[in-house]
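Chain order of the listed sequences is F and R.
If you read the first sequence in the numbering used here, its first letter stands for residue 20, the second for the next number, and so on.
If you read the second sequence in the numbering used here, its first letter stands for residue 3, the second for the next number, and so on.
Keep in mind the hints are simulated off the structure, nothing from the lab.
Among the hints, erroneous ones may be present.
Stated by the list, open to error - Computed spacing ranges between beta-carbons, pair by pair:
#1 F:A54 to R:R74: 24 to 30 Å
#2 F:L52 to R:R196: 38 to 44 Å
#3 R:A242 to F:R76: 22 to 28 Å
To be verified - Chain F regions said to be covered by chain R (calculated; three or more residues, Cβ under 8 Å):
#4 31–39
#5 66–78
Please read all numbers here as calculations on a predicted model, not as lab measurements.
C-beta: ideal position from N, C-alpha, C; glycine also.
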Amino acid sequence: MSYLPALVAAGVLTFLTRLSFIALLGRFELPPLAARALRFVPPAVLSAIIFPELVLRGGELQLGWRNARLLAGLVAALVAWRTRNVFLTIAVGMAALWGLQAVLSG
Amino acid sequence: MQPDPPRFTRRNEFLSGCRDELPILLGVVPFGMIYGLLALSAGLTPGIAQSMSSVVFAGSAQFIAAQLIHERTPGGVIVLTVLVVNLRHALYSASVAPYLRPLGQGWKAGLAYLLTDEAYAVAITRYLRDNGKTVVSPYRHWYFLGAGLTLWLSWQWSTAVGIFVGARVPASWSLDFTLALTFIALVVPSLKDRAGAAAAVTAGALAVAGAALPYKLGLPLAGLGGVLVGLGIESLRAEATGEGRPA
């Protein structure tokens, strides 16, 4: 149990990080520039999670057609763009991944 | 889109928050099970492994912490590492803060506790969808709560399943990919103008370039780079069209 204090400290700091701006915004106005910047946070951060997942395999950049995750991701992006449906995007993306994995390994 | 104005109730908001979080669980539940398994094989006790899921409640940080405990890393280093890995949540906090402003301290603290990547993605998509509407629900925090609680519960029980049952989804199923697909489903429809698309592409490219940086620092840096490029392009276009503030 020697790690319990460290985990509690890590948990408290994580909570305070998440609470930071939510708690402070009641007290001061956000500068207009910051308010404009916030609009770009979701696409920027989520893309920063997505891109490496698609193009990096074991730390190596793979942009070719043999990268099943990249191709399946592009198919999913197309479905998301046309349908705006989360379930359909996941279903088609996973079907594409499995199909491509079967074809590319066969 | 709808002929009748939607009925805004706490219950409807809460339930649609739960419902919109469901697709993400396809990626989260296997992730939680794998965490439970890995934590035990890294030498954590079941009690520590499970309590980390409720005390820290952050997927990637928990994987890293388990790895560090396995390597007998000093507690202070673990705390610092988790703090740095979770710094991106400060961006999320700033991003949702304007919408949570009217709420009381209890609501703010509760929703902050639930502010993970996956709950943030669903909640902010909802808030942005409402932008420009003349009538918005006064109970949108219930939507956030529904999404966050659904994720929280799923994370707890999937950790427990990973720990105690040892059930495992075969890696060959590649179910972890559903997480990336979910984020694609949320981001792509939200790219409505050139500045937003440029922010997304820039951040994605920077994240790939910075993937080898320690402590997942590439992620917050890439996010920052994307935001700056988005702002720059928006300002340039506003200047070109002579408008003070672009829509």
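Range hint 24 to 30 Å: satisfied by the CB atoms of F:A54 and R:R74?
45 Å, violated
Taking a Cβ-Cβ distance under 8 Å as contact, does the segment 66–78 of chain F have three or more residues in contact with chain R?
holds (count 11)
Are there three or more residues in the segment 31–39 of chain F whose C-beta lies within less than 8 Å of some C-beta in chain R?
holds (count 7)
Supplied distance hint 38 to 44 Å, evaluated on CB atoms of F:L52 and R:R196
19 Å, violated
Tell me if the beta carbons of R:A242 and F:R76 are separated by a distance inside 22 to 28 Å.
Once the Cβ atoms are compared, 41 Å apart, the range 22 to 28 Å for F:R76 and R:A242 is violated.
Consistency note: the structure conflicts with the earlier hints numbered 1, 2, 3.
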